[in-house]
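Novice: Next come the chains, spelled out residue by residue.
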Amino acid sequence: MKKHSLFPIYYGIVLTAFTVYISLDTFVLRDAYQTDTVQMNTSMFENISVSAETTEYITESETEPTSESQKHSKKHHRDENADTTETAEEETELNLSDVSYQDENIQITLTEYYENNTKIYVADIQLKSAEYLKTAFAEDTYGKNITAKTSSIASAHNAILAINGDYYGTQEKGYVIRNGVVYRNTKSANDVLCIYADGTLKVINPDEYTAEELVSQGVWQAFSFGPGLVENSQITVTQNQEVGKAMASNPRTAIGMIEKNHYIFVVSDGRTNESEGLSLYQLAQFMLKLGVTTAYNLDGGGSSTMYFSGQVINNPTTTGSIKERGVSDIVYIG
Amino acid sequence: MQLISAVWFSFFGAVYEHFSHEVYSYYMIYAFAIPLVMGAVPYSIMALKQYHPDRIFLHLWDSAIITFTVGSIFRGVLDIYGTTNSLLIVYPIAGLILTVLALLKLQRRPSTSDL
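Line by line, the protein sequences are chains E and D. At position 179 of the first sequence (counting the first as 1) the number is 179 in my numbering, and the numbers step up by one without a gap. At position 47 of the second sequence (counting the first as 1) the number is 1047 in my numbering, and the numbers step up by one without a gap.
Pulled out of the complex, with its shape left as it was, chain E reads as follows (with noise of 0.2 angstroms):
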């Protein structure tokens, strides 16, 4: 056999070698880049005092949605008698049923929607402060390819209320600032969702401001996925317009603001019989109604999870059947 009639056997081999490398790198081998991530950089809070106004809106608020709108659209409470958990009843010692939680300063009510053929699951909070609106990585480990589900995480870290966060783990580039802390300054070209220390939410584009400034004006949690929905109680997406690749109909996660402090976060299901799933544009019109004036997609497909009260609210799709995945981060109230 000739000497160079050999190549296309040792390039193929190298091709080969690279490419299981490669997938091994992208899937499988993790890297952790910082560990203990339990640290809050708390002090963005100490300038802001929390207004008479708010908390006396968090005692005096109903429990039913506050949108006009919502009155029109079919929904249904889960069942009350439903068991809740001991260890959160011990703690709290106040309202805690299966579709709603209120301490002196956090209120969160569960309401079930079916719209567009999908079940969608929204939680309407209003806290006494942003500091209650935490983030928390899988194993507390901030790195690649590390992953644990959003109940256990949330469990982990005595969460009320938790949804998937933004899934940094699979991106590159793209800010993280979690719990007033940088862990990623490298901008990506996706939206930056912004939660303020005194209770707003923002969208902005990267590419005005650093992480590090970003925290400086007091931003306590920083997420980039994407896109927005919702800016200044205006859709801010095309009918057509998508995340990445994804195309129309797809469980989503996503995040709004009503006003300062109080959020609403919303799930729904999508790629099973009974739920299509949803556009970014049918969520965006979705939350609207809802009454936000800014929301934000986080990560969806088969990451999207609720969280409520030690169990898992919606039905989470993971190759094709109803089962929870793991995601890098998760947004919780606690």
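Since the hints were made in silico from the structure, they are not lab data. A hint or two may mislead.
What the hints assert, rightly or not - Pulled a few chain D residues facing chain E out of the computed Cβ check, cut under 7 angstroms:
id, residue
1, S1063
2, G1082
3, T1083
Even for Gly, the Cβ is constructed at its ideal location relative to N, Cα and C.
Go by the hints and put chain D onto chain E.
Specialist: Using the frame of chain E, we list chain D on its own:
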């Protein structure tokens, strides 16, 4: 051979897209076009003109085709999964180097007598 590759990658892309929950990637869908455009078409033209490039050119050119194609398929997989990897750049760079080397080889030895 390149035509068979194109048909295979076309089939592979279609099956992968079918099970990808309506998440699509042009890199996956059109990966088959690489062996078709860089392989089947020029090789057919060469055969019609009875032009036989030398073996080294063929090795380099075929390696470039498979590198571009595997890179495209892998990019499609990552797109559909919703992730990225900076090492992906290796595929087009390696493919380009092989393409340039093949073309240089073709330029230096345009004879048809090496096979």
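Novice: Look at each hint and say if it fits the structure.
Specialist: Hint by hint, here is what the structure shows:
1. S1063: 5 angstroms, holds
2. G1082: Holds. Min distance 6 angstroms.
3. T1083: 4 angstroms, holds
Against the hints set out earlier in the document, no violation occurs for any number.
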